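Asker: Below are the chains, spelled out letter by letter.
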Amino acid sequence: MTTNPDQTKPTAPPIAITAAKEPSTLDVSVGPQHPGSGHLRMLMRVDGDYIVSVDPDIGYVHRGCEKIAEYRTAVSNIPHLERPCIIDAIHLNWGYVLPIEELQGIVVPPRGQYISTIAAEMNRIMSHLYWLAINAGVFSGHTTIFMYAFGDRDLFIELAEMLTGARLTYSFLPPGGPRRDLPAEFQDRLLKLLDYFERRLVEYDRIFFSNPLVIARAKGIGTLKRDEAIKLGMTGPVLRGSGVKYDVRKVEPYGAYADLDFEIPVFEEGDSYARFLVRFEEMKQSIKIIRQALEKMPKGPIARKAPLIIPEGEAIGRVESSRGELTYMVKGDNSDKPSRVKIMNGSFRSLIALPYLIRNVHVADMPIIYGSLDYWPVEADR
Amino acid sequence: MATQSPTREEDLVNKLKARFPDAIKDSKIEGKHRITIHFDKDKLLEIARYMRDELGFDHVKGVAGVDDPTHKKIEVLYFTGSFSRPEIEDLIVVLQAELPRDNPTIASAVSVWESTHFHERETFEMFGVKFEGHPDLRKLLTLDNWEGPPPMLKDIKFPEMGQR
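Residue numbers (the working numbering), protein chains in the order written: chain B, 514 to 895; chain G, 298 to 461.
No lab work stands behind these hints, which were simulated from the structure alone. Keep in mind it's a predicted model, so treat the numbers as computed, not measured. Beta carbons are placed, not taken as given, at the ideal position from N, Cα and C, and that holds for glycine. Do not rely on the hints blindly, as some may be mistaken.
Unchecked claim - Label pairs and their calculated CB-CB ranges:
#1 B/P725 <-> G/K314: 54 to 62 angstroms
#2 B/R712 <-> G/K322: 57 to 65 angstroms
#3 G/N442 <-> B/K818: 45 to 53 angstroms
#4 G/K454 <-> B/L821: 16 to 24 angstroms
#5 B/Y709 <-> G/E429: 56 to 64 angstroms
#6 B/D774 <-> G/I326: 28 to 36 angstroms
#7 G/E384 <-> B/P820: 32 to 40 angstroms
#8 B/E741 <-> G/P318: 34 to 42 angstroms
#9 G/P397 <-> B/D774: 51 to 59 angstroms
#10 G/L342 <-> B/F699: 50 to 58 angstroms
#11 G/K312 <-> B/Y709: 49 to 57 angstroms
#12 B/R712 <-> G/P303: 47 to 55 angstroms
#13 B/V620 <-> G/K322: 31 to 39 angstroms
Bound-form chain B, shown alone (with noise of 0.2 angstroms):
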């Protein structure tokens, strides 16, 4: 044994917040119960209503995913690594299988491209619409547009069941494609519910993106500029909010999204108004991808047979997943586990928005900044 245990005892005390201590400062903890969005724990310095540091405590939702991924076969940990953002199951599955796809050698044919594409597009939807419903309207105090965008996502949460048989956690792309074709009848369904869909974000543009009230308190609220967002490496629509065109099915597309064509939905303010709205124009983008691929779905097979062993090497694999770059790294020994995958998303990569937005702001923005960064703690903590 080479290791030092000494390595992992901690080199400041338990609580350290980085502004200083003053006589008029108040350490607050806040969290771990569950905000909304899983358990975190922010430990912040207040002065009065000023929040002065804040120093987040992130891990209650640490399960030690890429060490147990060493343990489970190729095609198991498909489950197993979707489980961190269960409500982006489509992205985090698809993210997987891209590198082991590139070390098999396999191509998936392009039916399967399109049908995996539209899958992770009703996903991108449905995952908008949580954090429209949780982040965006409950941490405002919007209680109404909760109710809207809830009842709306299970709307799509039924077409996502008809397509892969599970509400949320689909498994539905293994190595070589997915799993199923679109059943009978399913894109009729999928087209009328988009339609709806589109009637409906006009009315949430009424009731939530154009309420002054919404706007009064997310405008202007926890400002990234453009060159802050680069410099902390933000990425997805906390990127895009700040200015920077940047979206990984356009850097380097992957599915059927070279053939399709859409909008980057960009915003230079850099607020939480800025990011909601971000993901408010992706919704609507979405739509616009899902109708062009039902269009454009070209006959043909689904999927290949893919081998259940890694081939030896390494191979980096990426999407856009609802809250940004998903980036895989596997590496492969021949053998039918991984012997390291690494994962780097969305959420673990705004972590360090928070102390840097989260400050001298007051107490109650705290959760405007929060659910405007759409920080999934399950995925960051992994």
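Following the hints, complete the assembly by docking chain G onto the known chain B.
Answerer: Then chain G, alone, in the frame of chain B:
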């Protein structure tokens, strides 16, 4: 037959090799979007600064440790990318350093890439890699009362989960 002009990836690797002839040990171009650079761990900060300021790799997507007990080494991988330069935004350049397993120590890249802050904390905790100069190198994910070696090392086995 005329020699082909170097591709964008070859050009990047050549630039790095010309600038750091001793520190770059090996390089590998995989596919269209991936480059792996093996470098001497003592030169991390110089290479990182050059990559950020001259080549435009402005952020790190993650820092990974890979334990290799048979060769008695721990590898540290920096996954770097660029947001600000559209011509290289699809690339992931992996900077890879080998550290001795009995004393894994490397300079912290936080002063160059602030985005490595929490990734280095995680790698410190999971692999015991000491990042010298990190402003806040504390445990992050495991329980406060976790005792023992860093959990991601291959020494730590869970027989109940199947032999590995």
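Asker: Out of the numbered hints, which ones does the structure contradict?
Answerer: The structure breaks none of the hints.
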